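Q: These are the residues of each chain, in order.
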Amino acid sequence: MKLLGKEISAAKVMAVVTDRLSARGLGSSPAAQWREAAVEPRVDPLSFNVHALEENADATRGLPLETHRDGLAGRAVTLAKRVFRQVGQIFINEALGRQSVFNGHVRDSYSQLSSEVLRLRARVAELETASRRVVGPNADASLKESVSALAEAIALGVPAGAISGAVVEVHEGAPFRSAVKETKKSPAAKASREGAKKPAANLSRDEVKKQTATPRNEAKKPTVAQAAPKDSKPADMKLAERTAVKPNKAPVVRAAPPRRSTRRGK
Amino acid sequence: MGQCAIAWQRVLRHLGFTGEVYAADVAPEWRALVRPADELKPAPDDLVLYHHGIASPLAGRLMHLPCRRAVVFHNVTPARFYEGTRLAEPLLAGRAQLAALADSVEFSIGVSAFNARELIEAGHRNVSVVPLFVEPERFTAELADASWLTRFEGAGRPRVVSVSRVVPHKRMEDLLSLHSELRRIAPRAELWIAGGYAPGSKAFQALAAKAKSLGGVTFLGRVTHAQLVAAYRSADVFVSMSEHEGFGVPLVEAMACDVPVLAYGAAAVPETMGGRGVVFDEKHFAALAEVVQELTQNADLRASILKGQRARVAELSFENTRAKLAALLPRPVSGASRTRPRVAVVVQRFGETLTGGAEAHAREVALRLSKHAHVEVLTTCAKDHLTWANELPAGEEQDEGLTVHRFPVRRARAMRAFNRLSDSLFGKPQDFVTETHWLAEQGPVAPGLLRAIAERTNDFDAFLFFTYLYAPTAWGVPLVANKALVVPTAHDEPPLRFGAFADVFTAPRVLMCNTPEERALIEAHFPAVTKRRVVGVGIEPVPGKPERFREQFGVDGPYLLYLGRMEAGKGVLELVRRHQALVRDFHDAPTLVLAGSGEVAPRGTRVVCTGRVDDETKWDALAGALAVVVPSRYESLSLLTLEAFASGTPVLGNAACAVVAGQLARSGGGLTFKLDDDASFRDGVQQVGAQRDEFGAKGRRYAATARWDTVIGAYLEELELIRRTS
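Protein chains in written order, with the working numbering: chain A, 1280 to 1545; chain B, 18 to 743.
Please note: incorrect hints may appear among the correct ones.
Claimed, not checked - DMTMM-like, lysine to aspartate or glutamate: derived pairs with alpha carbons at most 20 Å apart:
1) B:K715 x B:D509
2) A:K1285 x B:E299
3) B:K300 x A:D1337
4) A:K1281 x B:D275
5) B:K691 x B:E557
6) A:K1285 x B:E332
7) B:K691 x B:E591
8) A:K1285 x B:D275
9) B:K445 x B:D509
As the list claims (entries may be wrong) - Ranges between beta-carbon positions, derived for each pair:
10) B:G213 x A:Q1365: 29 to 37 Å
11) A:Q1365 x B:S164: 25 to 33 Å
12) A:A1359 x B:G292: 52 to 60 Å
13) B:R205 x A:S1308: 21 to 29 Å
14) B:S334 x A:F1370: 57 to 65 Å
15) B:P53 x A:G1376: 28 to 36 Å
Unchecked claim - Far from chain A, some chain B residues (derived; all Cβ distances over 12 Å):
16) A72
17) V266
18) A377
19) L438
20) S439
FYI, nobody ran anything at the bench for these hints, they're computed from the structure.
Computed from a predicted model, the values in this text were never measured in an experiment.
Just so you know, even glycine gets a beta-carbon here, dropped at the ideal spot from N, CA and C.
Same shape as in the complex, but just chain A:
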């Protein structure tokens, strides 16, 4: 054991302590090097939220039984809660069925959105790297022109497919994007859509494909939110990016609980 304190002579105090322990037939552990406490690792919000939604989507599954009450009353309350859950589960399922369906949709929507966010972040980072190459002393003129065109496209709000380098048509059939198109009714939105087509016209489809580093299939690769089968663990999910103290057990993705015999929301 090691002691710290400006007003104490740690060695002297420890000597006194060791003597007293020895007199009692006890030993003291040797002083090790003082270690500064490590900070907790970052918890990635997107991955965490996907996990949290996954874990809690089923509204029919109860939280751990707890009570703040003392003694007999506390035990009675806990027992009552347990009995209520067992007896009433079928009714709980019935009452919360639609809530579970809704929660499932929220979870899936969030998964898709967070996947999109991750893909866009990667793309922005890529463009920033390219941009740095363009403004440097050995900038490539043709690359500069293409990146400028892409930057303009981004500024005009080209749909994500075009920004990512994948042609717009690839995603036209996707419900998420078409829904966005349909809901944009304002003149500003219309102008933006029209403007968005311009860079695509200036930049040939081949050029777009050539100058975007991310292959199409890579851009579409599932990140956090890709719909992994419910019972399997997504490969690239990470909550704690670095482990400083000891790994947290809480964020580990658990397999979905086995299906119960009673009807569930989804």
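Let chain A serve as the given structure and place chain B on it in line with the hints.
A: Relative to the frame of chain A, chain B by itself:
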């Protein structure tokens, strides 16, 4: 976190920033001090400081607020301590929210360097450290609960105290292990654990069972501030076994109470300790028990540690936090002074028709100052000082050449609930948050008024605040302390003992006291009081016509006069009781005339209530009275006494009121009596009746010195000093 938010609100006021505290869940009884987050509607230039800990819906909301944003991080307990409980997920979610906030905030503050490192780890970029602070004057021996001191007096030794909620990461089981070892070498050792706990939880029940088997362990539960001070001050050693602290306020509180601190060096603990006290890195309980013994018995070691700890408390001071926040939030410096001074008068109510000594005083000074300076009045829409209901229109209006800005009061006051709260707090030491809560309930809380003070700092050379007792003064003074003159009108009343008013008496440039007694009272309660001078008020007597008053109200024969608010607090009811006793005993007892309006309307034989009277009637009544009676116990200056003197009428004043007693002693213009003693009142009436002319003449001479030109001259002198040095 809540305590920090309230404490930092005060610090920010000292930096010239005004603002309010919002929370996701606010109990109804706290709504005067803390507003529900739904009401948060910041302007684009506003800065929202979000105090972050466990997951909160406010974190998501913050990201979408259309204003400047910053995070104050108090740390989140690692979820591993709460695995399998409902708390694990919100703890983890709190960390996810922290990371999500990184790109949405202008800057981030860790209350310790440890927290700052976690902020950086979570992706925050512009990160600073602003430590929490503890005010040692709130932990002095005098503030300890006497009954608890007695309770602990006979306890065995060594006495170990630990202060925290009984929750897993605080490792109460380790405290019990230490206690078990300590009992081996000191069988009468005691362990006190102060802090809330859930008696129904299995974890607590297991702890309680172990504690019972060991003996000498007391779970004190939630304690009041005075009890907490008593627990600290009765202990020999403070021990912390906590395995995660983002700061560790109890460590510093224990230091402020002169208890040696022995703490496990987890997370931010070594940093908070600052090398003082004793920090250990391994829970070797037998060895720690010997260390506790050594800290208890070795007087030299103990004295040396306490000295170091005091230095650490001084480092973690209000001034330190203020300096750190000032560096983060710079303010533009004051504008240049103009030829004609510009003064803002800040007062809780303002208007010609309002009853109230301080308010009348404020109006008189404002009107007279306006002949020498540009004066604007910042006040509320309230007319009634009990409810603070918004009866007057908000906005700008003119009053005899003065520009008056009225701001709405956010919340009316419920007197019954307020009185209950006051009764529960008065006479006992309280912590800063509790006192601030009382002040918020006292009101009037007018956020617009405080905002106007902060935003118009550079428009005025000085801010003249009236009455220490109300929120506009208590919270407005720190905003413009360097330009503030305060007319405290302080009485010897329970709230004067609240440390929450310290800023009013220590921060401004000068206090303009009404009497030497008021100045002495303030000096007694606030040793660090700022510059103060006795200024008083002026009076301009008007010759009265007593017969006109007698005719108007049908008053025959000699009469005693009370003039002022008809309130129980003014002693009116006791005065009527004394008078009725006089009437019972003497057939020629004088009539009692009560002139004024208010919450009470006493009735009695030979009692005449005139209601509120105008100025002319007042002077008529004063001139004809046998004596003027001042029954109030709480007066900072009795204007009525001076007016009675000027009319040549003697005064019978409450002996318990030091101010009136002082005025009477200095002038010789009357006598004091005991408000609860019939004989004393009777003697007083008889004496002033017999020697009315002698008393009257002395009073008249004294009143001649109370001149407005002298008073206003003093105000202008102080104004000039502020202008020169601002």
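Q: Assess, step by step, whether the Cα of K1281 (chain A) is no farther than 20 Å from the Cα of D275 (chain B), and give holds or violated.
A: Violated, because 24 Å separates the two Cα atoms, which is more than 20 Å.
Q: Taking the minimum C-beta separation from V266 (chain B) to chain A, is that value above 12 Å?
A: Holds, since 18 Å exceeds 12 Å.
Q: Just to be sure I understand the hint, the distance between the Cβ atoms of G213 (chain B) and Q1365 (chain A) should be within 29 to 37 Å; is that true here?
A: holds (32 Å)
Q: Regarding S334 (chain B) and F1370 (chain A), is the given constraint of 57 to 65 Å on their beta-carbon distance met?
A: Hint holds: Cβ distance 60 Å, inside 57 to 65 Å.
Q: For A377 (chain B), is the shortest beta carbon distance to chain A beyond 12 Å?
A: holds (54 Å)
Q: Is the straight-line distance between the alpha-carbon of K300 (chain B) and that of D1337 (chain A) 20 Å or less?
A: Judged against 20 Å, a Cα distance of about 42 Å means the pair is violated.
Q: When you check the alpha-carbon spacing of K691 (chain B) and E557 (chain B), does it fall within 20 Å?
A: violated (30 Å)
Q: Closest CB-CB distance from S439 (chain B) to chain A, is it above 12 Å?
A: holds (31 Å)
Q: Quick one: are P53 (chain B) and G1376 (chain A) within 28 to 36 Å, going by C-beta?
A: holds (33 Å)
Q: With the threshold set at 20 Å, check whether the alpha-carbon distance from K715 (chain B) to D509 (chain B) stays at or below it.
A: Not satisfied, since the Cα-Cα distance of roughly 27 Å exceeds 20 Å.
Q: Quick check: does the Cβ-Cβ distance between A1359 (chain A) and G292 (chain B) fall within 52 to 60 Å?
A: Since the Cβ atoms of A1359 (chain A) and G292 (chain B) sit about 53 Å apart, the hinted range of 52 to 60 Å holds.
Q: Would the pair K445 (chain B) and D509 (chain B) pass a check requiring their Cα atoms to be no farther apart than 20 Å?
A: holds (16 Å)
The earlier numbered hints that this structure contradicts are 1, 3, 4, 5, 11 and 16.
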